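Protein chains: 2
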Amino acid sequence: MDTSNFVRIVEVGARDGLQNEKTLLPPDVKIALIDRLSSTGLKTIEATSFVSARWVPQLADAEEVFRNIRKVPGVSYPVLVPNEQGYRAARAAGAEEVSVFTAASEAFNRANINATIADSLVRFQPVLDSAKADGVKVRGYVSTVLGCPYQGDVPVADVVSVAKRLHEMGCYEISLGDTIGVGTPAKARAMLHAVSQEVPMHAISVHFHDTYGQALANILACLEEGVRVVDSAVSGTGGCPYAKGATGNVASEDVVYMLHGMGMQTGVNLDLLVATGAWLAAQLNKPTASRVTKARTASA
Amino acid sequence: MDTSNFVRIVEVGARDGLQNEKTLLPPDVKIALIDRLSSTGLKTIEATSFVSARWVPQLADAEEVFRNIRKVPGVSYPVLVPNEQGYRAARAAGAEEVSVFTAASEAFNRANINATIADSLVRFQPVLDSAKADGVKVRGYVSTVLGCPYQGDVPVADVVSVAKRLHEMGCYEISLGDTIGVGTPAKARAMLHAVSQEVPMHAISVHFHDTYGQALANILACLEEGVRVVDSAVSGTGGCPYAKGATGNVASEDVVYMLHGMGMQTGVNLDLLVATGAWLAAQLNKPTASRVTKARTASA
Chain A
332 MDTSNFVRIV EVGARDGLQN EKTLLPPDVK IALIDRLSST GLKTIEATSF VSARWVPQLA
392 DAEEVFRNIR KVPGVSYPVL VPNEQGYRAA RAAGAEEVSV FTAASEAFNR ANINATIADS
452 LVRFQPVLDS AKADGVKVRG YVSTVLGCPY QGDVPVADVV SVAKRLHEMG CYEISLGDTI
512 GVGTPAKARA MLHAVSQEVP MHAISVHFHD TYGQALANIL ACLEEGVRVV DSAVSGTGGC
572 PYAKGATGNV ASEDVVYMLH GMGMQTGVNL DLLVATGAWL AAQLNKPTAS RVTKARTASA
Chain B
332 MDTSNFVRIV EVGARDGLQN EKTLLPPDVK IALIDRLSST GLKTIEATSF VSARWVPQLA
392 DAEEVFRNIR KVPGVSYPVL VPNEQGYRAA RAAGAEEVSV FTAASEAFNR ANINATIADS
452 LVRFQPVLDS AKADGVKVRG YVSTVLGCPY QGDVPVADVV SVAKRLHEMG CYEISLGDTI
512 GVGTPAKARA MLHAVSQEVP MHAISVHFHD TYGQALANIL ACLEEGVRVV DSAVSGTGGC
572 PYAKGATGNV ASEDVVYMLH GMGMQTGVNL DLLVATGAWL AAQLNKPTAS RVTKARTASA
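If you're matching them up, the sequences are chains A and B in order.
Per my numbering: the first sequence = residues 332 to 631.
Per my numbering: the second sequence = residues 332 to 631.
Note that these hints are calculated values from the structure, not bench results.
Keep in mind the model is a prediction, meaning the values are calculated, not measured.
Do not rely on the hints blindly, as some may be mistaken.
Copies of the same chain look alike in the list, so a pair counts if it fits in one copy or across any two.
What the hints assert, rightly or not - In the DSS-like style, the derived pairs of lysine-lysine whose C-alpha atoms are separated by at most 30 angstroms in a straight line are:
#: 1; residue 1: 575; residue 2: 617
#: 2; residue 1: 575; residue 2: 353
#: 3; residue 1: 617; residue 2: 495
#: 4; residue 1: 463; residue 2: 575
#: 5; residue 1: 468; residue 2: 495
#: 6; residue 1: 617; residue 2: 353
#: 7; residue 1: 495; residue 2: 353
#: 8; residue 1: 575; residue 2: 468
#: 9; residue 1: 468; residue 2: 617
#: 10; residue 1: 495; residue 2: 374
#: 11; residue 1: 353; residue 2: 463
#: 12; residue 1: 617; residue 2: 463
#: 13; residue 1: 463; residue 2: 402
Working from the sequences, and respecting the hints, build out all of it.
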């Protein structure tokens, strides 16, 4: 168990957040967003996704965005790649860290990519092989770890098995995602505990969506269990494709506020993060989903 | 430490929630709200406040509302009373349980009622004496337990001393309120632990506002510490008079969702609670602040 005081925030707003926003932002706004995030002290900022523009129109400008963001030394800018083709495009644009993703739910994989989990992992092997040869770090996302829109419950053993396999295949960090946000603290903690028996705790991140308002409580339970990496999105961008109008990613501002209040360190300047969140909400023309940013920008 | 599985929810939406809403609801809507809440399985429903209409216009109809709600056997309907006059009005309307309130912050008391904490407690003595003589249960609210809009930090020792005094004076339950919602889990837990050294845990409730998004995480930490009574407001009504536009009480739906997900019991039917929250949000003509209700009523 990691009892250190430092929690690394993996900021996923520019990718996981924006890809579920219906307002399309022009590339220069995304570049400004990432550059602003770079100045907050964040150490990992997911920048974009090299997927087919047909699937994710919001991120069709991946190359332009990635080429033009300011790369701050010491900060990682992973990009999501669905396959070898995406990996090559990401590398051509200069990416030095990538992410791959699969679900822990068989039904979810079947519905989304018409493949079993085992088959989807096989498809990543070339990406992981190339990445290893290129000295590129790979982050592995496991989705639907606490529930699936198709099959409902997801056995913890399935989550453990996928996480273990991704780690064995070479992912340096496994992000455990409650994609539909249905999880509650005791289940989150038990799931994390089970995964940590097969993947070292320092190689695990937790990724919660606030669809049912449980994200921060789940994060607290997982911190108590020993996790020290947390995914979140500035301004709580994103949503849930399975419940339109619902809340998206947990807001980075609210996570950082909690951590700092508990005496933990993140290296993040909360004032700059709040300013960035308020600015992003204005760009998206919607109220911020961060309650910290709402409170800080409210009139007294 | 209470390790039981049952958590009693004290529903405060009709009083603490509505008194901070700017949309004034007519008495028949408030009566309908409380009657709906009575059918959800809740055991304690704060109904209204017998305070001066000049201070709280939203609750000027206290007598009419209280006389006309359906009193379900086994359910308590406490009403807030600021003084002996309020107590007499509440009793005349048929109240069998009342609440009194004071702050843990000297600066807050001075600003709001121009009295020291010690003096404000003395003012309650006649209410508690009358209640004792009348066989009326009294709940004691302590506000600003984790921060004050005037003095900032509030010493834990001050919270303990006020809570202990109210309990000694005859309050059967002490509700510890983070009025401005600034608290974080470790501080909430430490504060609760300190109070529980002087007031039995079974006589303590926690009352969190979600101004900074911390409410559910704080509740989780306090459950771990042993508390088994939680105040919340359906649909997360209310707001923060010190940060206009900010989030109000933690939503009862989100609390119940978490508790049930953790295998705890509340006796509350979540479906009926969500329906009531959605209905109340429509009456207030604002989006619900409950993310559970938002997700449940979102389109797929």
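(message) To test your reading of the hints: which numbers does this structure violate?
(response) As far as the earlier hints go, 3, 4, 7, 8, 9, 11 and 12 are violated by this structure, in ascending order.
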